[in-house]
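K.L.:
Next come the chains, spelled out residue by residue.
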Amino acid sequence: MIEITEAPIDHAALTERVRSNRAGAICTFLGTVRELTGDRQTLALDYEAYPEMALKKLAELEQEARKRWPIIEAAIVHRVGHLDLGEISVVVAVSCPHRNEAFEACRWLIDTLKQVAPIWKRETWADGSHEWVHPGLRGP
Amino acid sequence: MSSITIPAIVPAAGKSRRMGRPKPLLPFDGQPLIGRVVTALRLGGASPVLVVTPPAQAAEGPPIAEAARQAGAAVITPAHWPAEMRESAEIAIEQLGRDGPPSGFILAPGDIPGITPEIVRWLLERSAKAPGSIVIPRAAGRRTHPIVLPWDLARQIPTLPRHQGINALMTAHPERVIEIEVAHPELADELNTPEDLERWRRRLRSVLTIRLFAVARERAGRAEIEINLPLPTTVAELRLVLALQHPELAALAPSVSIAVDSEYATDATLILPGAQVALIPPVSGG
Numbered sequence: 001m002i003e004i005t006e007a008p009i010d011h012a013a014l015t016e017r018v019r020s021n022r023a024g025a026i027c028t029f030l031g032t033v034r035e036l037t038g039d040r041q042t043l044a045l046d047y048e049a050y051p052e053m054a055l056k057k058l059a060e061l062e063q064e065a066r067k068r069w070p071i072i073e074a075a076i077v078h079r080v081g082h083l084d085l086g087e088i089s090v091v092v093a094v095s096c097p098h099r100n101e102a103f104e105a106c107r108w109l110i111d112t113l114k115q116v117a118p119i120w121k122r123e124t125w126a127d128g129s130h131e132w133v134h135p136g137l138r139g140p
Numbered sequence: 001m002s003s004i005t006i007p008a009i010v011p012a013a014g015k016s017r018r019m020g021r022p023k024p025l026l027p028f029d030g031q032p033l034i035g036r037v038v039t040a041l042r043l044g045g046a047s048p049v050l051v052v053t054p055p056a057q058a059a060e061g062p063p064i065a066e067a068a069r070q071a072g073a074a075v076i077t078p079a080h081w082p083a084e085m086r087e088s089a090e091i092a093i094e095q096l097g098r099d100g101p102p103s104g105f106i107l108a109p110g111d112i113p114g115i116t117p118e119i120v121r122w123l124l125e126r127s128a129k130a131p132g133s134i135v136i137p138r139a140a141g142r143r144t145h146p147i148v149l150p151w152d153l154a155r156q157i158p159t160l161p162r163h164q165g166i167n168a169l170m171t172a173h174p175e176r177v178i179e180i181e182v183a184h185p186e187l188a189d190e191l192n193t194p195e196d197l198e199r200w201r202r203r204l205r206s207v208l209t210i211r212l213f214a215v216a217r218e219r220a221g222r223a224e225i226e227i228n229l230p231l232p233t234t235v236a237e238l239r240l241v242l243a244l245q246h247p248e249l250a251a252l253a254p255s256v257s258i259a260v261d262s263e264y265a266t267d268a269t270l271i272l273p274g275a276q277v278a279l280i281p282p283v284s285g286g
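In the order they appear, the protein sequences are chains A and B.
Mind the numbering: the first sequence is residues 1 to 140 in our numbering, read in order.
Mind the numbering: the second sequence is residues 1 to 286 in our numbering, read in order.
Simulated from the structure, these hints should not be mistaken for laboratory data.
Model, not experiment: these values are computed from the prediction.
Please note that a few of the clues may not be correct.
[To be verified] Which bits of chain A does chain B cover? Going by a derived footprint, with three or more residues having C-beta under 8 Å, they are:
id	stretch
1	38-50
2	111-124
3	127-135
[Unchecked claim] Just the calculated beta-carbon pair ranges, DEER-fashion:
id	chain 1	residue 1	chain 2	residue 2	range
4	A	T32	B	A250	52 to 58 Å
5	B	E195	A	P8	56 to 62 Å
6	B	A223	A	R34	24 to 30 Å
7	B	P232	A	D10	42 to 48 Å
8	A	E35	B	S255	54 to 60 Å
9	B	P232	A	W125	40 to 46 Å
10	A	R68	B	E179	55 to 61 Å
No residue lacks a Cβ here, since even glycine has one placed at the ideal position from N, Cα and C.
Chain A on its own, in the form it takes in the complex:
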């Protein structure tokens, strides 16, 4: 199950959604808005997505993960819009027969999502300045 949403994410409901009598392990990852990056203080994050492509890429990730691990159910939900400190930006929930598979699949999904999904975040720092986060992009 794949979703991009502006609403707060109910992580417990997603964990519940992937539960199954065939699963012996469920791994749920939450990404949350952190206040400190080194010594810089974040006030808030704004997320933006290219929705059509992001949904397509997330669906491809789920398919690829299902080829690699015996996934029973998976849920990948990313939030967009304005998020305050501590709020949940992303949830990846995976159920598998055994815990190693669940850990590996969940970790691969969030790691790969961060590399390929067309989603961006903009920092609002404590001094009120804004900055898009673009790893590897040189200045103008």
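Keeping the supplied structure of chain A fixed, place chain B upon it in accordance with the hints.
P.N.:
Positioned in the frame of chain A, the structure of chain B alone reads:
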């Protein structure tokens, strides 16, 4: 690559009455039409390219001559308006004869936007395999321009009855005509009226909408931009045009990821009309 080279004659002294302004100077893809025609001929292997312009005293004479020269043509400016295309051709044929007669030449009116280097090359190659033939392209079901004429027939043009055009040669020598079918119907699409021009503009300058996100959106100040370029094109070509038409994105253009129809593209990826294109700065979700 072909090494076949024959001269080209480009009559560009028409009065453009129905268009209402000089056709050779109409801008196509950022250059005057006469420049587009001369460039296609030169890239296709024609050399030299002789352009016959209106006389110097006509308002459009000097600018047409200048545009033709800039594209690499040799210019012939007659003292008086040539009455017909045939007369322009005769003036150029006379000059070619003085410079040492060629085996033939390619005759291309200065108002055919559909001419391309490939079409010119096909015609010259076909002509080289059948010396002495008249080679005529056929597009959209009919004969069109440009044509290759052998020199012995070209010399007959001045002796044709006054009311006849160059087509009379084809009628008189059907056994020497070779038609080649070209898969470019627009080659036969004439440019005579403002409506024709509008149709050509739409055909040549497709508009591509590009979606922008994050820093790209911020730099452009909007979520979508439009780019004018002929389609289909490649992502590599798009990068160049993007930097030229939207300087605020020029720093991103060479290296930013580009998505075509929701897939990460390579520089070789083809962009077809109707494609969904987006700039994808380095992602930071999660």
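K.L.:
Please go over all the hints and tell whether each is borne out by the structure.
P.N.:
Going down the list of hints, with the structure as the test:
A count of 4 residues in the stretch 38-50 of chain A with a Cβ less than 8 Å from any Cβ of chain B is obtained; the coverage claim is therefore met, three being the minimum. Only residues whose beta carbon comes within less than 8 Å of a beta carbon in chain B count, and the stretch 111-124 of chain A has 10; three or more means the coverage holds. Only residues whose C-beta sits within less than 8 Å of a C-beta in chain B count toward coverage, and the stretch 127-135 of chain A has 4 of them, enough to reach three; the restraint holds. The hint said 52 to 58 Å for the Cβ distance between T32(A) and A250(B), and at roughly 37 Å that hint is violated.
Taking 56 to 62 Å as the suggested C-beta distance range, the pair E195(B) and P8(A) conforms, at roughly 57 Å. The hint said 24 to 30 Å for the Cβ distance between A223(B) and R34(A), and at roughly 28 Å that hint holds. Distance hint check: the CB atoms of P232(B) and D10(A) are about 45 Å apart, consistent with the given range 42 to 48 Å. Taking 54 to 60 Å as the suggested C-beta distance range, the pair E35(A) and S255(B) does not conform, at roughly 32 Å.
A hinted range of 40 to 46 Å holds for the C-beta pair P232(B) and W125(A), which are about 44 Å apart. For the pair R68(A) and E179(B), the beta carbons lie near 60 Å from each other, so the given range of 55 to 61 Å is met.
Violated hints, in rising order: 4, 8; the structure is consistent with all others.
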